[in-house]
Amino acid sequence: MIEKDLNRYSDRLRGYTELRLQENRNLDITLLNGSLVSNANISSGGVSARVFLNGSWGFASSTGLDDEAIGYALKSALDNSAFLDSRQKLGQSGLSTVRTVSDVHLGTGKPRRTQREVVDFLRAVDDYIVKSCRNLAGRRIWFGALDVEKSVLTSGGSAAYSMIPRTRIVLYLSAEKNGAKADLSKILGGCGQFEDVFGDTAWVFREIDRLSEHLAKKMDAVAPVAGSHECVLGPEVCGILAHEAVGHTAEADNVLAGGITKDFVGKQVASPLVSISDFANTAFGSVCPVPSYVDDEGVKAEDVAIIENGVFKSYLHNRTTAAHFGAQPSGNARAAEFCDEPIIRMRNTAILPGRSRLQEMISSVDKGYYLLGTGNGQADVTSEFMFGIVVGYEIKNGKIGRAIKDTTVSGVAYDMLKTVSMVSDDFSWLNGGMCSKLQRVPVGMGGASIKCRLSLGGR
Amino acid sequence: MSMTGICQDYLAALKQAGAEKAQCVLTSSERHIMAFEAGRISMFRTSRGFEAGLTAISNGRWGSSSSSALDAAGIASAAGETLSAAAASVADPARDITPSGPAGSLDNGVAGPDAGKMFDRLAEFLSDIKLRYPCLKFRTAHLSFSEEKKVFSNSIGLSLEARTGLYELLLIFCSAAKGRTSNFNHFIGCARDLSKPLMSWGGVDRLFEQSAEHMAARPLEGKFHGDIVVSPECLWDFLSFVTNDALRDNKMISGMSVYKGRIGERVAHRDFTLRSLPGADSMAAAYPVTKEGERTENADIMECGVLKNCLLSRYAAAKTGLRHVRSDGECYVVEPGKSELGELISSVKKGLLVTRFSGATPNERGDFSGIAKNSFYIENGRVLFPISETMISGNVPEMLKCITGISRERINSGYSIYPWISFSGINISGK
Numbered sequence: 001m002i003e004k005d006l007n008r009y010s011d012r013l014r015g016y017t018e019l020r021l022q023e024n025r026n027l028d029i030t031l032l033n034g035s036l037v038s039n040a041n042i043s044s045g046g047v048s049a050r051v052f053l054n055g056s057w058g059f060a061s062s063t064g065l066d067d068e069a070i071g072y073a074l075k076s077a078l079d080n081s082a083f084l085d086s087r088q089k090l091g092q093s094g095l096s097t098v099r100t101v102s103d104v105h106l107g108t109g110k111p112r113r114t115q116r117e118v119v120d121f122l123r124a125v126d127d128y129i130v131k132s133c134r135n136l137a138g139r140r141i142w143f144g145a146l147d148v149e150k151s152v153l154t155s156g157g158s159a160a161y162s163m164i165p166r167t168r169i170v171l172y173l174s175a176e177k178n179g180a181k182a183d184l185s186k187i188l189g190g191c192g193q194f195e196d197v198f199g200d201t202a203w204v205f206r207e208i209d210r211l212s213e214h215l216a217k218k219m220d221a222v223a224p225v226a227g228s229h230e231c232v233l234g235p236e237v238c239g240i241l242a243h244e245a246v247g248h249t250a251e252a253d254n255v256l257a258g259g260i261t262k263d264f265v266g267k268q269v270a271s272p273l274v275s276i277s278d279f280a281n282t283a284f285g286s287v288c289p290v291p292s293y294v295d296d297e298g299v300k301a302e303d304v305a306i307i308e309n310g311v312f313k314s315y316l317h318n319r320t321t322a323a324h325f326g327a328q329p330s331g332n333a334r335a336a337e338f339c340d341e342p343i344i345r346m347r348n349t350a351i352l353p354g355r356s357r358l359q360e361m362i363s364s365v366d367k368g369y370y371l372l373g374t375g376n377g378q379a380d381v382t383s384e385f386m387f388g389i390v391v392g393y394e395i396k397n398g399k400i401g402r403a404i405k406d407t408t409v410s411g412v413a414y415d416m417l418k419t420v421s422m423v424s425d426d427f428s429w430l431n432g433g434m435c436s437k438l439q440r441v442p443v444g445m446g447g448a449s450i451k452c453r454l455s456l457g458g459r
Numbered sequence: 001m002s003m004t005g006i007c008q009d010y011l012a013a014l015k016q017a018g019a020e021k022a023q024c025v026l027t028s029s030e031r032h033i034m035a036f037e038a039g040r041i042s043m044f045r046t047s048r049g050f051e052a053g054l055t056a057i058s059n060g061r062w063g064s065s066s067s068s069a070l071d072a073a074g075i076a077s078a079a080g081e082t083l084s085a086a087a088a089s090v091a092d093p094a095r096d097i098t099p100s101g102p103a104g105s106l107d108n109g110v111a112g113p114d115a116g117k118m119f120d121r122l123a124e125f126l127s128d129i130k131l132r133y134p135c136l137k138f139r140t141a142h143l144s145f146s147e148e149k150k151v152f153s154n155s156i157g158l159s160l161e162a163r164t165g166l167y168e169l170l171l172i173f174c175s176a177a178k179g180r181t182s183n184f185n186h187f188i189g190c191a192r193d194l195s196k197p198l199m200s201w202g203g204v205d206r207l208f209e210q211s212a213e214h215m216a217a218r219p220l221e222g223k224f225h226g227d228i229v230v231s232p233e234c235l236w237d238f239l240s241f242v243t244n245d246a247l248r249d250n251k252m253i254s255g256m257s258v259y260k261g262r263i264g265e266r267v268a269h270r271d272f273t274l275r276s277l278p279g280a281d282s283m284a285a286a287y288p289v290t291k292e293g294e295r296t297e298n299a300d301i302m303e304c305g306v307l308k309n310c311l312l313s314r315y316a317a318a319k320t321g322l323r324h325v326r327s328d329g330e331c332y333v334v335e336p337g338k339s340e341l342g343e344l345i346s347s348v349k350k351g352l353l354v355t356r357f358s359g360a361t362p363n364e365r366g367d368f369s370g371i372a373k374n375s376f377y378i379e380n381g382r383v384l385f386p387i388s389e390t391m392i393s394g395n396v397p398e399m400l401k402c403i404t405g406i407s408r409e410r411i412n413s414g415y416s417i418y419p420w421i422s423f424s425g426i427n428i429s430g431k
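Order-wise, the sequence lines are chains A and B. The numbering used here applies: residue 1 is where the first sequence begins, and numbers increase by one. The numbering used here applies: residue 1 is where the second sequence begins, and numbers increase by one.
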């Protein structure tokens, strides 16, 4: 456990300074066709300091959580800011101060399972896959349990401690029949330690049954027709859309880097049916997949309504961009590891539910596609996006038809969002998201289902 | 205490905890980064790190862990965790620690960092950009110097030290003016020193120029089968299916690789030769020792289209019976062709010059689809205009058989040396 209260270092913080102690503890286990190919406890812990001097930032970090490491980080960060300041002489005024105090520990209250018990659990999952999945040709089970523990102290008086765990399993299944091959993957898990997330196997087995069903249908999949189509996107696809195609364009650092949303605030940018938010820690009465209470600049994490009823409302800010735009910082500055500086990140980004029933939405499509599962996704400063689709079906005359082969969907988000004609009344999170904007951090993504027009790759 | 001494302490603790075989890889690193935005250097960052990677085998069971402890209690605790991981494992005869070779200390000879020189090169770069590319915007940009020292030691006599140093330039940028914005593009390159202006590294200058042109991108209409000419910066997006997936541990152990059982067979066009050269002087990112603690060797992956080697760890090689090459991969080189880039373009009747690909991870068979970003439309041998919202799809192994030309010109980014390559039979669909 890292030191919770850093106040004893407060007299060593010069000017505007942030001090952070952080340890990321990761248990990483992989079963490949039943063989244990990775089995490691990986921890990375250390200290970082960041100093703002007349517009120049200095940052330094060191492994170790002791006094020597803390002294090194504070001194080197100050030296680095002084070096830049002496060369550039920007003469900018200081950042505003905010004071937040917080202490959050989301670790389990149950007795901890041993690593052996976790491996046994995974072997039971592997056995179930072998027993239940038809035409199985290969399988991989990756397990990752990440505990992120950190303490932050700022010269403005913020003091925050948190321990946020996330536990995930990623299942990869391959099947083969008469020379035809198909593969699929699915992420299970979410916020919490192993004991709270994977307390029993029953729900995991149900998910495997669903995955096997999709895989069996995918064995006879047809290539989708390339071009623009009417589509219904499931919550997983909507989650990645909210994150990649909208959320990134709302990050204020991307706006300053030439982003298309530069003049969007207050404008109608999507169908009035569309609302998208970045939740800090709680949504619809429950803790989000990646809760954040205070960010790594010591700012209280607040929910941000990005789009409300189709109108663009707000960017995601750190202290610097908030000062630039004359806005309040929203607590979106997060760092992945102790050695990373905080940058603007999403937390839990989602398309909010509407009023339509999913079945009505599918029934209303004469010819199109129902897209349910995604691979990776990317979006650009122009909001041009692409997502891999790994689970999808044809819709013909309002009915779900044949499975489609892996494909990619693409479009320009703020064009596509104007075509949204229905939003479902249900909602779910994709619990295992990661965002790779410079530093890989856990994120939550989710949504309702939407009906829209979209371009598919294919034949 | 010296790194070798710390290594010995970890090994002793692993043995004390019950390891029959034990290995320790100590890494000490330092990184100096200057991050910049258009017009100014925004942050100077220094990071130092220390990590011990531990492996233990007990009763044929294997476990690993990492630690940054330097004190006796912390070292003993890390050793205990490693043995707990091993106890949680199952016996696997393919698991072993690295055999010993000649002891030694290897260094790539790059000295640094020179913070003053880094600042001056950046100031020159930013002033050049202001003059020549006034619409350029950076999302992320930095110049860094990284130094890493490693000590490899184990209970069967492995004793090797390695040091590497490297300057790296990372740029993620777009162009924006008068309400028009290009998509992001990126560059990553490295060098052993700062003797050359940053604008001359790899293809930086050309990428900035293309970014500016892309503010006028427009959608392509229709759908057709055509050729694509892929730039050196974009080639990795396709070759990584081969080098980072199909020829690696997971796919070979699971038997799901498209190249399973095909060593010695022709799998690509006869003009295509791909190597991994971690020992090449021409490569700034060359590394003398693998992650497993072996002196590296250069490896042919495909030679004249024939599959020569996979890129497997010692464990995966033992599991599959295939050859282990002493390379972590990377430092990839594609041999040059006989045509000028201009000739490749002039032989395209209808197709694209692809300089960035944003696509889904290809499936096990290598099927891919995605957006041809920062790309240009070619018709009757002429590059006509920059395009947006255009998708391409195909299959990587098939593409490698359908090479229609490889350029004589190549770009050395420090991490790879790639030419332009043209491929036929790609599905191209516009808006």
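Errors might be hidden in some of the hints.
Incomplete in silico selection of chain B near chain A, CB under 7 Å [what the hints assert, rightly or not]: (1) 41; (2) 46; (3) 48; (4) 174; (5) 186; (6) 187; (7) 253; (8) 346; (9) 358; (10) 379.
Below, a sample of chain B positions facing chain A; criterion: calculated Cβ distance under 8 Å [what the hints assert, rightly or not]: (11) 44; (12) 45; (13) 49; (14) 58; (15) 62; (16) 93; (17) 119; (18) 134; (19) 138; (20) 194; (21) 195; (22) 256; (23) 318; (24) 320; (25) 338; (26) 359.
If you're looking for bench data, these hints aren't it; they were derived computationally from the structure. Just so it is clear, the structure is predicted and the values come from calculations on it, not from any experiment. We put the beta carbon where it would ideally sit given N, CA and C, even for glycine.
Against the structure, the hints:
For residue 41 (chain B), the interface hint holds, the least distance from its beta-carbon to any beta-carbon of chain A being 6 Å, beneath 7 Å. Look at residue 46 (chain B): its Cβ gets to within about 5 Å of chain A, closer than 7 Å, so that hint holds up. At its closest, the beta carbon of residue 48 (chain B) sits 5 Å from a beta carbon of chain A; the interface hint therefore holds under the 7 Å criterion. Satisfaction of the interface hint for residue 174 (chain B) is found here, the shortest Cβ-Cβ separation to chain A being roughly 5 Å, below the 7 Å cut-off.
About 11 Å separates the beta-carbon of residue 186 (chain B) from the nearest beta-carbon of chain A, more than 7 Å, and the hint is not met. At about 15 Å, the closest approach between the beta carbon of residue 187 (chain B) and any beta carbon in chain A exceeds 7 Å, and the interface hint on this residue is violated. With 7 Å as the threshold, the beta carbon of residue 253 (chain B) comes within range of chain A, its nearest partner Cβ sitting at about 6 Å, so the hint holds. Taking 7 Å as the C-beta contact cut-off toward chain A, the hint placing residue 346 (chain B) at the interface is violated, the least distance being around 28 Å.
Among the interface hints, the one on residue 358 (chain B) holds; its C-beta lies about 5 Å from the nearest C-beta in chain A, closer than the 7 Å criterion. Because the beta carbon of residue 379 (chain B) sits about 20 Å from the nearest beta carbon in chain A, more than 7 Å, this interface hint is broken. Proximity of residue 44 (chain B) to chain A holds as hinted, the smallest CB-CB distance being about 4 Å (cut-off 8 Å). Interface hint status for residue 45 (chain B): upheld, as the beta-carbon distance to the closest one in chain A is roughly 4 Å, under 8 Å.
Interface restraint check: residue 49 (chain B) against chain A, minimum CB-CB distance 5 Å, threshold 8 Å, status holds. A hinted interface residue such as residue 58 (chain B) counts as satisfied when its beta carbon comes closer than 8 Å to some beta carbon of chain A; here the least separation is about 13 Å, so the hint is violated. This hint holds: residue 62 (chain B) has a C-beta 7 Å from the nearest C-beta of chain A, less than the 8 Å allowed. Interface restraint check: residue 93 (chain B) against chain A, minimum CB-CB distance 11 Å, threshold 8 Å, status violated.
For residue 119 (chain B), the interface hint holds, since its Cβ comes within 8 Å of a Cβ in chain A; the closest pair sits about 6 Å apart. Of the supplied interface hints, the one on residue 134 (chain B) is violated, with its beta-carbon coming no nearer than about 12 Å to a beta-carbon of chain A, more than 8 Å. For residue 138 (chain B), the interface hint holds, since its Cβ comes within 8 Å of a Cβ in chain A; the closest pair sits about 6 Å apart. Violation of the interface hint for residue 194 (chain B) is found here, the shortest Cβ-Cβ separation to chain A being roughly 16 Å, above the 8 Å cut-off.
With its C-beta approaching chain A no nearer than about 21 Å, residue 195 (chain B) sits outside the 8 Å limit, and its interface hint is violated. This hint holds: residue 256 (chain B) has a C-beta 5 Å from the nearest C-beta of chain A, less than the 8 Å allowed. Interface hint at residue 318 (chain B): violated, since its Cβ lies 12 Å from the closest Cβ of chain A, which is beyond the 8 Å cut-off. Proximity of residue 320 (chain B) to chain A is violated relative to the hint, the smallest CB-CB distance being about 11 Å (cut-off 8 Å).
Interface restraint check for residue 338 (chain B): the shortest CB-CB distance to chain A comes to about 33 Å, outside 8 Å, so the restraint is violated. For residue 359 (chain B), the suggested interface contact is upheld, since its CB lies about 6 Å from the closest CB of chain A, less than 8 Å.
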